[in-house]
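J.: Let chain A serve as the given structure and place chain B with the ligands on it in line with the hints.
Respectively, the protein sequence lines represent chains A and B.
Heads up: the first sequence is residues 711 to 1208, going by this note's numbering.
Heads up: the second sequence is residues 711 to 1208, going by this note's numbering.
A few of these clues could be false.
Identical copies look the same in the list; a pair holds intra-copy or inter-copy alike.
[As the list claims (entries may be wrong)] Capping the alpha-carbon separation at 20 Å, the derived lysine to any residue pairs in SDA-like fashion look like this:
1. K1081 x I1194
2. K1081 x G1170
3. K898 x E980
4. K1207 x N1088
5. K1081 x F1205
Rather than coming from a laboratory, the hints here were simulated on the basis of the structure.
Here's the letter readout for the chains.
2 protein chains.
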Amino acid sequence: MALTTVDVRASLNVLGAILRWLAVPLVIPTVVAVIYRESPLPYLVAIAIALGVGTALTRLPRDRIADREAFLTVSLSWLTIAVVGAIPLYIEGTGVFASPVNALFEGMSGITTTGATVIRDFDAHSQALLMWRQVLQWLGGLGVLLLATAVLSRLSVAGAQLMETETRTENVTKLTPGIEETARILGKLYLGLTAGAAAILYALGVGGLAPEMTLFDAIAHAFTSIATAGFSPRAESVGAFSPAVQWAVTLFMIVGATNFVLLYALVRGETDRLRDSEEFRFYLGVLAAGSLLVTGLLVVDQGAIGGVGASIRHAVFQTAAIVTTTGYASTDFNTWSAGAKNLLFAMMFIGGMAGSTTCSVKTLRWLIVTKSFWRDLNVSAHRQSVRPVRLGSEAVSEDTVRDVYAYTLVALVFFVFGTLLLVVDGEVSGVPITEFEALSAAASMFFNIGPAFGRAGPYGTYEGFARSSKVMMVLLMWIGRIEIVPVMVLLTPTFWKR
Amino acid sequence: MALTTVDVRASLNVLGAILRWLAVPLVIPTVVAVIYRESPLPYLVAIAIALGVGTALTRLPRDRIADREAFLTVSLSWLTIAVVGAIPLYIEGTGVFASPVNALFEGMSGITTTGATVIRDFDAHSQALLMWRQVLQWLGGLGVLLLATAVLSRLSVAGAQLMETETRTENVTKLTPGIEETARILGKLYLGLTAGAAAILYALGVGGLAPEMTLFDAIAHAFTSIATAGFSPRAESVGAFSPAVQWAVTLFMIVGATNFVLLYALVRGETDRLRDSEEFRFYLGVLAAGSLLVTGLLVVDQGAIGGVGASIRHAVFQTAAIVTTTGYASTDFNTWSAGAKNLLFAMMFIGGMAGSTTCSVKTLRWLIVTKSFWRDLNVSAHRQSVRPVRLGSEAVSEDTVRDVYAYTLVALVFFVFGTLLLVVDGEVSGVPITEFEALSAAASMFFNIGPAFGRAGPYGTYEGFARSSKVMMVLLMWIGRIEIVPVMVLLTPTFWKR
Ligand SMILES: [K+]
Ligand SMILES: [K+]
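If we strip away everything but chain A, and leave its shape as in the complex, we get (with noise of 0.2 Å):
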């Protein structure tokens, strides 16, 4: 396998592949501005460009996809399909989005699934825009689904080994454990997802449950609820509506972070292979601590929010937009107190299931950690006494152990140097940031969370930062979703050599 260098055109041609694919989905806006007597011509452009440049690369030979060539692929789909997202943006030019570093950051920030967003005044843009935004998420959930657990899964990489134990094929269908068939099977399953969570939605509307839901409302919202993405039409996110579309999202980003072949199991009747994980009761146990202490502290500190109903419904509605990386608001918690946004901040760092749309170092790599230094401080006592990492029956081999420790402590330290990008930076560009804002931001780009704290909170804007700040958090969410080494290892020498 090393003895020949990387195939970049078999890669480019593969990025062909799947830029002309990208052509269908943005239909979506173009008849959404048609339905508004909107330009279709943006999106049109974009199609043209998809079809275009997606054609000429498939030209390109391509005579081998090996490890090599699948992380150069992944790096550059991401890359390539944040730019051609951002087209349509900067052709729009509304508001913030004459800027193309702009127009760059809200289309990385919708591939990557992050959800922070440049947009000042949401009424300044046309209703496909606000749509394209929330499809390019729809996509972005569906293109980390199959990453996670058709690609990363077989390169031995980041603990994703493990990830190949939970989520492999064969656990799928007993049939044809080949990418294409995993790709359709759990495709399928989020479209379903999807689909039920609109109709969810919309019925909510229809009910009277929900007096501000629009048919427009609820695609939109679904689009980027089961994708764990959270960019929303609406300036007050999910705050717009009504409690019990704030409980039924709740619900959504929740099933939206949980390991897609237990909920196809789930799906075909298999109910013991949901309940009988270690990883999922952890990852219930994670949302229900979060949104118990995070209720304890608003109740404490009644400042920003009247009533333990409402205290209830938003600390479990925030500890799971944040857990499942999904970002929605249902209340502006940037008022919130210290403790409490602290707390959030924290939460940050967990993520969602393996195997899932979530984002973050994911509840499979906490498990792994808190139970391997449970079993460090056991074998310290008895020195002797060797015993292996247990994840349902299976042992967990010390290489996987090793590479779990390693993927989160990278994953951190790459936060930090954020952070410090993001200070620098905008201490030499003379946009100063606060100590916390940076922090929180830099999380939330790695992380593909989207609001942070201070002026890039919920109902703000990460528009007012530096320019170059935006472009270094353009590289932060790349690098971040798809999970570090597919854009790290391009930057070795040992990579391009034979």
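T.: Below, chain B with the ligands alone, put in the same frame as chain A:
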């Protein structure tokens, strides 16, 4: 080894011997009290307690000292000396020390070489008390030096196997590689360096380069420089003295956080060992890069400090103070820009070299993490090429790599939980704490730096935090200083079993 229960009485026996030794350094504040015509009573009481309790404990049988007994002895020692060290402060009862929690905080901050203080008004306290704080830190530095080189390296945990390679006793003397011999040799070196530092500081005063420097000041700061500890009898810390003193102290801090085994080799004329140490070059690189970056930020944002010369001096000083975990201040860096503050905050997580008096994660671990991640990236591209991580000429075992990752990650997790405890407790206690205050205070406590940002800044005080928060901080300092495992292992059921 696992066939018997832990021998608590043997552990208490060793603790008793350590306690009795504590009577010796307590003579210093007693003498200071006599010289300054203050009451020596608080120190005589402490001497009586140390001798009395210590002697009583040494009556217990000392049947076996194995791994578990070592963990228990280490944990109990730091806790007990913090309490006994606090007794004279509480007996004097001047100012903030009327509160036992404040006295305990200062005692733990002393013995753990943290250097965080609750003092509000330095003039309110006796010279004996101010000197006792310094002596306590010097003892803490000695204790951790012996712990790192002679004790922890023999307990195969948290990557300490590696410390063994780097600091093993055979390297000190080929003749008697026993714990006592290591302790004797490194203890002498530590004493010699302290005496040298005191002489240089006093000489600067006599030579007219430091008009403010008294003999008292020279000795007091020598005690807490080589120990990378950070207490000062002056409210302005090292900022009370001339630039010449600040440069000298910078050097002392850097020496104190250098591997003492390599320093010993240097003293014996084997200059190549220090020069060839990869970790030493990494450590100097970190110091240089940090100094350069902080200088840059101070020059960009001239608000805090006038002049490039002063900027360089304060940047180098504060970088060294934070990286070596000493925590001294040459100026109130709390007033610096967000960028500079965030950079100092990030540097709290680094630490100096293994086998020194430093705290935090340490450069040896970060070097392994960096090398290992780079190795992993290179291996990712070429799946079958397995390469060991190398340190100098030796290959580091994969188990050690895993343990280093584990320790570093778990330390970060503890820091996060510490932050959450502080914010939640602050809120419940009605003593609000800002996000960055909580983050920096937790890091400063757990990594034993000393100052934080906000109210607990270098010229501030920890006195204003809630009493319960201060108790939590005492626990953080304790657990962090002895590298987590000795305390945490006590919480495992297997520790207490056969
Ligand atoms: K998100
Ligand atoms: K310190």
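J.: All hints are to be evaluated individually against the structure, with a verdict given for each.
T.: Each hint tested on the structure:
1. In this homomeric assembly, K1081 and I1194 come within 20 Å of each other (Cα to Cα) only across copies, at 16 Å, whereas the closest approach inside a single copy is 24 Å.
2. Taking identical chains as interchangeable, the C-alpha atoms of K1081 and G1170 are never at most 20 Å apart, the minima being 39 Å within one chain and 40 Å between chains.
3. Only within a single protomer do K898 and E980 lie at most 20 Å apart by alpha-carbon distance; the minimum there is 18 Å, versus 69 Å between protomers.
4. In the homo-oligomer, the alpha carbons of K1207 and N1088 lie at most 20 Å apart only across protomers (11 Å), although the nearest pairing inside one protomer, at 44 Å, exceeds that limit.
5. Proximity of K1081 and F1205 under a CA criterion of 20 Å is satisfied inter-copy only: 17 Å between copies versus 34 Å inside one chain copy.
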